[in-house]
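Visitor: Chain residues, written in single-letter form:
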Amino acid sequence: MEEVKCYMPETLEEALEIKSRVNAIVLAGGSDLMVSNKRTIGLTPVFDRPVMIVRNLPELKKIYINDKGECCIGSGCTSAEIAASKLCPWHLRQAANRMGAIGLRNSATIGGNIANASPKGDTPGPLYLLDARVKLQSIHGTREVPVADFIVKFKTIDLHEDEMITEVIVPYSEKDFDYVFWHKVGTRKANAISKITVSMALKFNADDTVKDFRLSATATGSKTNRSRDVENIIIGKKISTELIEEVVQAYDKVISPRAMPEFRREATRRMIRRFFGECARHAEGKVIETYDGYRMPGAIEL
Amino acid sequence: METKISFTLNGKKVSLSTDPLRRLLDVLREDFGCTGVKEGCSEGECGACSVMFNGRMVTPCLIPAGAADKQEIMTIEGVRETELGARIVQAFADGGAVQCGYCIPGMVIAAYNLLQDNPDPTDDEIRLGISGNICRCTGYDLIVESIKLAARRGK
Ligand SMILES: Cc1cc2nc3c(=O)[nH]c(=O)nc-3n(C[C@H](O)[C@H](O)[C@H](O)COP(=O)(O)OP(=O)(O)OC[C@H]3O[C@@H](n4cnc5c(N)ncnc54)[C@H](O)[C@@H]3O)c2cc1C
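Residue numbers (the working numbering), protein chains in the order written: chain A, 94 to 395; chain B, 985 to 1139.
Keep in mind the hints are simulated off the structure, nothing from the lab.
Do not take every clue at face value.
To be verified - When the alpha-carbon atoms are kept at most 20 Å apart in a straight line, the in silico PhoX-like pairs for lysine-lysine are as follows:
#1 LYS988/B <-> LYS98/A
#2 LYS379/A <-> LYS296/A
#3 LYS154/A <-> LYS1054/B
To be verified - Quick list of the computed label-pair ranges, beta carbon to beta carbon:
#4 GLU106/A <-> ASP1125/B: 49 to 55 Å
#5 ARG1137/B <-> ALA352/A: 46 to 52 Å
#6 ASP1125/B <-> LYS161/A: 50 to 56 Å
#7 GLY378/A <-> GLN1100/B: 29 to 35 Å
#8 THR104/A <-> ASP1078/B: 48 to 54 Å
#9 ASP1078/B <-> PRO239/A: 54 to 60 Å
#10 GLU1014/B <-> GLY378/A: 50 to 56 Å
#11 ALA285/A <-> GLY1017/B: 34 to 40 Å
#12 GLU986/B <-> SER129/A: 22 to 28 Å
Said to hold, decoys possible - From the structure, some residues in chain B lie toward chain A, with a derived Cβ separation under 10 Å:
#13 LEU1005
#14 ARG1006
#15 GLU1023
#16 GLY1031
#17 CYS1084
#18 ILE1114
The structure presented is a predicted model; accordingly, all values stated were derived computationally and were not measured.
The beta-carbon is built from N, C-alpha and C at its ideal position, and this holds for glycine as well.
Isolated chain A, as found in the complex (with noise of 0.2 Å):
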């Protein structure tokens, strides 16, 4: 088996160098090439391509908050140092806490789990929700692109040859909502890859109407789905039992399930009622819970 060159940059500038003249794959945790590229015990992974390790690279570790009050993470950052970091959004920090187990989340980068593309990837779904962006960077230039369209379907992404993912950028996070919801359903608690995994926000205007509804969904189809179509069935209206089921019905049709559907499609609908119940209700605590009392050990507080 042929070795194919890698390259170890050592700064983003010379990692954008590099990616101006070689169409190279990017590995920052490795943690989905190499597996997809492994062959067996003792053997090394074989590459199609060449390969530019970015795992180490500082420019893409940090996170901050921008002059517009945006959360800006590094796509080298880890699901471990998000789900640490206060500045970072509760839903992702929720998502990036439930990826895999306590090693993994050591090497699985929120860049790498975007590009993945992954319906069941477990970040898109919080970066859908709160209107996040990817910066993608080349030697020509930055251009910004909002996750929910650069990941254009089931393994396919927007960037170019010449490209990396350099920042995820997110404008809203739960000071923006007065209810948020997040349940990821695995089979056990780590590493766990989701079933399906909901994510909610609600915000009310004086007069108890909605001013704000989002939802997102993963492991639903080809790609996370959300629809501002079906959360403006609620907004500027009181919540109520019939345009509850308005809303279950209408994103009944935006999912579309592959495998046990009826059981995702039914997890689905009892998530969004529960939700919509306790907001109703205006349930003690930002955080709605999945069932009472239900509280995964470990979850991120508020």
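Could you slot chain B with the ligand onto chain A? The hints should help.
Guide: For chain B with the ligand alone, coordinates are given in the frame of chain A:
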């Protein structure tokens, strides 16, 4: 394509010339004799190969050796020489945490990773701390008890 890779291994500077895409797991075992780094699932699920990478637990089956360049790696061979590591190893022996032993280096690393930040963990925190490490023999209870013992002895 051989490239020079240098890193700190168990406190000592080391370097080698190799294909940077070789798994760090293989480099640690084959080039540096760290055979306490066990290969289990080869895809990050079982935790048997866990090592400390810049002070944080990772699974080197998922990491190319090139990613270790200029970084700090500590395997079970180094962890057991530290005060905390030695305390965990002794508590595992005294507490009957070990049956076949294959998962144990990784379990000790997980316990070390937990106790370095949280010297007095609850049962839930211990179970979360070892949630990425699979043991096929013990049913985990004696491992959890032994980690508690290690924590108690550190007070
Ligand atoms: C045991 C195990 C458990 C897992 N559990 C989960 C889970 O619970 N939830 C979940 O969502 N995922 C899970 N995963 C999948 C994986 O860990 C994540 O998708 C992770 O975020 C990938 O990030 P990485 O940095 O390791 O990616 P890599 O493997 O380095 O790269 C993945 C892809 O992203 C591209 N890429 C990486 N960085 C950039 C960049 N800066 N710019 C452009 N492209 C880039 C790569 O070229 C590649 O195509 C798991 C994987 C394993 C092995």
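Visitor: Run every hint past the structure and note whether it holds.
Guide: Hint check results:
1. A C-alpha spacing of about 13 Å is found between LYS988/B and LYS98/A, which places the hinted pair at or below 20 Å, so the restraint holds.
2. With a CA separation close to 10 Å, the supplied pair LYS379/A and LYS296/A stays within the 20 Å bound.
3. Taking the CA atoms of LYS154/A and LYS1054/B, the gap is about 16 Å. The hint holds against a cut of 20 Å.
4. In this structure, GLU106/A and ASP1125/B meet the distance hint of 49 to 55 Å, their C-beta atoms being roughly 52 Å apart.
5. Between ARG1137/B and ALA352/A, the C-beta spacing of about 48 Å keeps the proposed range 46 to 52 Å intact.
6. Separation of ASP1125/B from LYS161/A is about 51 Å and conforms to the stated range, judged on CB atoms against 50 to 56 Å.
7. Between GLY378/A and GLN1100/B the beta carbons are some 32 Å apart, a value that agrees with the proposed interval 29 to 35 Å.
8. Taking the beta carbon of each, THR104/A and ASP1078/B are about 49 Å apart, inside 48 to 54 Å as hinted.
9. One distance hint, 54 to 60 Å for the beta-carbon pair ASP1078/B and PRO239/A, holds here, with the actual separation near 56 Å.
10. For GLU1014/B and GLY378/A, the Cβ-Cβ distance of about 53 Å falls inside the hinted range of 50 to 56 Å, so the restraint holds.
11. About 35 Å separates the C-beta atoms of ALA285/A and GLY1017/B, a value consistent with the hinted range of 34 to 40 Å.
12. Our hint of 22 to 28 Å for GLU986/B and SER129/A holds, since their Cβ atoms are close to 24 Å apart.
13. Hint status for LEU1005/B relative to chain A: holds, with the closest Cβ pair at about 5 Å, below 10 Å.
14. Because the closest C-beta pair between ARG1006/B and chain A is about 5 Å apart, less than 10 Å, the hint holds.
15. A hinted interface residue such as GLU1023/B counts as satisfied when its beta carbon comes closer than 10 Å to some beta carbon of chain A; here the least separation is about 6 Å, so the hint holds.
16. Of the supplied interface hints, the one on GLY1031/B holds, with its beta-carbon coming within about 6 Å of a beta-carbon of chain A, less than 10 Å.
17. The closest approach between the C-beta of CYS1084/B and any C-beta of chain A is roughly 18 Å, which is over the 10 Å cut-off, so the hint fails.
18. Hint status for ILE1114/B relative to chain A: holds, with the closest Cβ pair at about 9 Å, below 10 Å.
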